[in-house]
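Undergrad: As a plain string of letters, each chain reads:
Protein chains: 2
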Amino acid sequence: MKKKWLFTPGPTPIPPEALMAMAQPIDYHRSEDTVALIKDVLEKLKHVFQTENDVLFLTSSGTGGMEGAVANLLSRGDKVIVIRSGKFGERWGDICTAFGVEIIPIDVTYGNSVDPQAVETLLVEHPDVKAVYATLCETSTGVLHDIEALARLTRVRPTLLIVDAVSGLGADDLQMDNWGVDVVVSCAQKGLMTPPGLSVVALNQRAWEAVERSDLPKYYFDFRKAYETGLQGSVPYTPAVTLLTALQCALNRICEEGIRRTIARHSRLAAATRSAVKALGLSLFAVSPANTVTSIRLPEVVDGKAFINLMLDEYGITYAGGQSQLSGKIVRIAHLGWMNENDVIVAISAFERGLVEMGYDIPLGAGVTAAQEVFNGGSQSQKKKS
Amino acid sequence: MKKKWLFTPGPTPIPPEALMAMAQPIDYHRSEDTVALIKDVLEKLKHVFQTENDVLFLTSSGTGGMEGAVANLLSRGDKVIVIRSGKFGERWGDICTAFGVEIIPIDVTYGNSVDPQAVETLLVEHPDVKAVYATLCETSTGVLHDIEALARLTRVRPTLLIVDAVSGLGADDLQMDNWGVDVVVSCAQKGLMTPPGLSVVALNQRAWEAVERSDLPKYYFDFRKAYETGLQGSVPYTPAVTLLTALQCALNRICEEGIRRTIARHSRLAAATRSAVKALGLSLFAVSPANTVTSIRLPEVVDGKAFINLMLDEYGITYAGGQSQLSGKIVRIAHLGWMNENDVIVAISAFERGLVEMGYDIPLGAGVTAAQEVFNGGSQSQKKKS
Numbered sequence: 003m004k005k006k007w008l009f010t011p012g013p014t015p016i017p018p019e020a021l022m023a024m025a026q027p028i029d030y031h032r033s034e035d036t037v038a039l040i041k042d043v044l045e046k047l048k049h050v051f052q053t054e055n056d057v058l059f060l061t062s063s064g065t066g067g068m069e070g071a072v073a074n075l076l077s078r079g080d081k082v083i084v085i086r087s088g089k090f091g092e093r094w095g096d097i098c099t100a101f102g103v104e105i106i107p108i109d110v111t112y113g114n115s116v117d118p119q120a121v122e123t124l125l126v127e128h129p130d131v132k133a134v135y136a137t138l139c140e141t142s143t144g145v146l147h148d149i150e151a152l153a154r155l156t157r158v159r160p161t162l163l164i165v166d167a168v169s170g171l172g173a174d175d176l177q178m179d180n181w182g183v184d185v186v187v188s189c190a191q192k193g194l195m196t197p198p199g200l201s202v203v204a205l206n207q208r209a210w211e212a213v214e215r216s217d218l219p220k221y222y223f224d225f226r227k228a229y230e231t232g233l234q235g236s237v238p239y240t241p242a243v244t245l246l247t248a249l250q251c252a253l254n255r256i257c258e259e260g261i262r263r264t265i266a267r268h269s270r271l272a273a274a275t276r277s278a279v280k281a282l283g284l285s286l287f288a289v290s291p292a293n294t295v296t297s298i299r300l301p302e303v304v305d306g307k308a309f310i311n312l313m314l315d316e317y318g319i320t321y322a323g324g325q326s327q328l329s330g331k332i333v334r335i336a337h338l339g340w341m342n343e344n345d346v347i348v349a350i351s352a353f354e355r356g357l358v359e360m361g362y363d364i365p366l367g368a369g370v371t372a373a374q375e376v377f378n379g380g381s382q383s384q385k386k387k388s
Numbered sequence: 003m004k005k006k007w008l009f010t011p012g013p014t015p016i017p018p019e020a021l022m023a024m025a026q027p028i029d030y031h032r033s034e035d036t037v038a039l040i041k042d043v044l045e046k047l048k049h050v051f052q053t054e055n056d057v058l059f060l061t062s063s064g065t066g067g068m069e070g071a072v073a074n075l076l077s078r079g080d081k082v083i084v085i086r087s088g089k090f091g092e093r094w095g096d097i098c099t100a101f102g103v104e105i106i107p108i109d110v111t112y113g114n115s116v117d118p119q120a121v122e123t124l125l126v127e128h129p130d131v132k133a134v135y136a137t138l139c140e141t142s143t144g145v146l147h148d149i150e151a152l153a154r155l156t157r158v159r160p161t162l163l164i165v166d167a168v169s170g171l172g173a174d175d176l177q178m179d180n181w182g183v184d185v186v187v188s189c190a191q192k193g194l195m196t197p198p199g200l201s202v203v204a205l206n207q208r209a210w211e212a213v214e215r216s217d218l219p220k221y222y223f224d225f226r227k228a229y230e231t232g233l234q235g236s237v238p239y240t241p242a243v244t245l246l247t248a249l250q251c252a253l254n255r256i257c258e259e260g261i262r263r264t265i266a267r268h269s270r271l272a273a274a275t276r277s278a279v280k281a282l283g284l285s286l287f288a289v290s291p292a293n294t295v296t297s298i299r300l301p302e303v304v305d306g307k308a309f310i311n312l313m314l315d316e317y318g319i320t321y322a323g324g325q326s327q328l329s330g331k332i333v334r335i336a337h338l339g340w341m342n343e344n345d346v347i348v349a350i351s352a353f354e355r356g357l358v359e360m361g362y363d364i365p366l367g368a369g370v371t372a373a374q375e376v377f378n379g380g381s382q383s384q385k386k387k388s
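Here the protein sequences line up with chains A and B, keeping their order.
Numbering (my numbering) for the first sequence: 3 to 388.
Numbering (my numbering) for the second sequence: 3 to 388.
The reader is advised that the hints may include incorrect statements.
Pairs involving identical chains hold if they fit within one copy or between any two copies, as the list cannot separate such chains.
As the list claims (entries may be wrong) - Once the Cα atoms are required to be at most 27 Å apart in a straight line, the calculated BS3-like pairs of lysine-lysine come out as:
(1) K307 x K41
(2) K5 x K89
(3) K41 x K6
(4) K331 x K280
(5) K46 x K81
(6) K227 x K5
(7) K4 x K48
Since the hints were made in silico from the structure, they are not lab data.
Model the full assembly from the supplied sequences, consistent with the hints where possible.
TA: Following this line, the structure appears as structure tokens:
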């Protein structure tokens, strides 16, 4: 009687009504219904982005939206600051390099978040940089960056702040308008509880002015075309219709809960997970952990890959392991999207049982209890403890 | 009791087992099952492409694959021939221009297919052109181009033949290996009976050598990365997992039927549709019509847009109208993908009834009878008649 549980930071579980919507006969992408669908999705996304700016979408993974946020915003020979604290910050750098943009990297030790002071120093040294490329939640390490602090630096300068919120959107707070973030990129298969294949992007007025000046080559990811057609409920190219119908279902859930409460829920799930980790005597990998995913340093005696495999084979549980140099050293448990307290209890309980089965000595049940205490005590009680 | 019928050249109807597969809980894209899924899909695509070359896939619309077939094959300052006989041939030119590639266009009157002689003349005049960009079925006009004849010209030269088979693949014959086509681009939502969001591309050895030389900027659509990871059942970025599961179901159907019989079926459906059009005293828009879609010149007294709307509102039928300058002037009936004889009878019967309801005098039933005759007589009988 196998039953699977997905605790990866994308794809995340899909609500049942979204799964059912995708099983309906497909509609023409120029139909009145699809026009209404696209308009509704783009309107509801504004609530999730916490912005009055219009949102555009692309049929691609989140990386397609990231490429667009380079190709549409910059010109040949431009110089940008790239914050690299893991695989996804590095991806910003790689895309810029592929498009002939000069990067000034800030390399942050994995597990740490960037010091805004270091960014300010570089901004002062290089007043001609066109943009700072940052990451809300660096999914590969579980680190949350202080986007609000970075925005305080860029909004008083002509420099744009361009944020990869691929995994963070809807889980970690990102107040695009209040903070003054210029560009936010995200995608469907994380906090938006939709299968992969859609990227979503919001730009403010300053960013659109940069789009006008940009001369880097772009066609499929042309933001202007996606934006202008999107406002009419249309598209330049055939969109992923079934994924849009699923996204609408998921957005209905978020809009009903309200984005502030959605973020608070993720904050509670993350706090409980962290509390459980500490109760088990283990340590967190991220110094400033995100609400999206909790990365846990595995004891050296535990073979990380064997542990991940055991969890899948014996418990039906998929956690994410570490990537590249973190492979085998950390486990990442996502509490992202269509998740609540009961899911987190399953994630923690299985984690405990798996470690014991691997021969590692931890107090079975201690993590679960710690999580329950966070849930029953609420976030106030958690704050007092930590 | 509304019932919808989709006769657009993409998205096309999805087989029920593919719809059901998409309603299953989503899987992690690094799971063993997804690795096996990707390998299976890529292997089965070779059969549809009629090639021994490995196929790669991208999470994007077909246009993303087209952009990749420019950005990965060419370098700055390269010169190419672009065959423009409608919206999609023009798209090749637009992408090349966006990437700074010089184009030598061959403009073909809408409704006609390119004269290979004209292409040969240009190839002789410009022996330095790197590629010819062509279209198998120009979906906007319903025209089939003679790709085999074009390949005879390019395969004896260093020039690559790069074919947009977005709508044509699996409906119109395209023997990549036998004919010597270098690059074929297609996507999910046409002959492959899958919702939009996946592009599929095959390259031969000559094309891969050009990829090595290419210096145009690319990141998300990097063919080399997609190809190398794909061979391992992996991906560089989170793929559209649910669409891959649907594509596997659809490919199972095509592989069971066999690509030669799949194409023969489309040929039969197209012949019946054309025969019906003639029996109604109407004329075809395409001089060399494709198996994918039949474009019909509407009588001038019939308001094309009103006709399309009537068909949808009263009959639940979606045909495609004309695009740009053909808007209101033609109707396009696709017989593409998960379609058989009964579907075509519905398409023709409703078409007749709609015209009569619009006040146009045609012999009700004549088209249906003509189609039935083609089906019952087989393609041989059809050949004798025309």
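Undergrad: When Cα atoms must be at most 27 Å apart, do K46 and K81 count as within-copy, between-copy, both, or neither?
TA: Neither: 34 Å inside a chain and 45 Å across chains, both beyond 27 Å.
Undergrad: Have a look at K41 and K6 and pick one of within, between, both or neither, based on CA distance no larger than 27 Å.
TA: between (34 Å within a copy, 22 Å between copies)
Undergrad: How would you label the pair K331, K280 (within, between, both, or neither) given a Cα cut-off of 27 Å?
TA: Result: close within a single copy only, 17 Å intra versus 70 Å inter.
Undergrad: At most 27 Å between C-alpha atoms: does K4 with K48 qualify within a copy, between copies, both, or neither?
TA: neither (39 Å within a copy, 34 Å between copies)
Undergrad: For K307 vs K41, is the C-alpha pair at or below 27 Å within one copy, between two copies, both, or neither?
TA: between (44 Å within a copy, 23 Å between copies)
Undergrad: Since the copies are identical, ignore which copy is meant and state whether K5 and K89 lie within 27 Å (CA to CA) inside a copy, between copies, both or neither.
TA: Neither, since 31 Å and 48 Å both go past 27 Å.
Undergrad: Given identical chains, is K227 near K5, meaning Cα to Cα at most 27 Å, within a copy, between copies, both, or neither?
TA: Intra 43 Å, inter 34 Å, cutoff 27 Å: neither.
Consistency with the previously given hints fails for numbers 2, 5, 6 and 7, ordered from lowest to highest.
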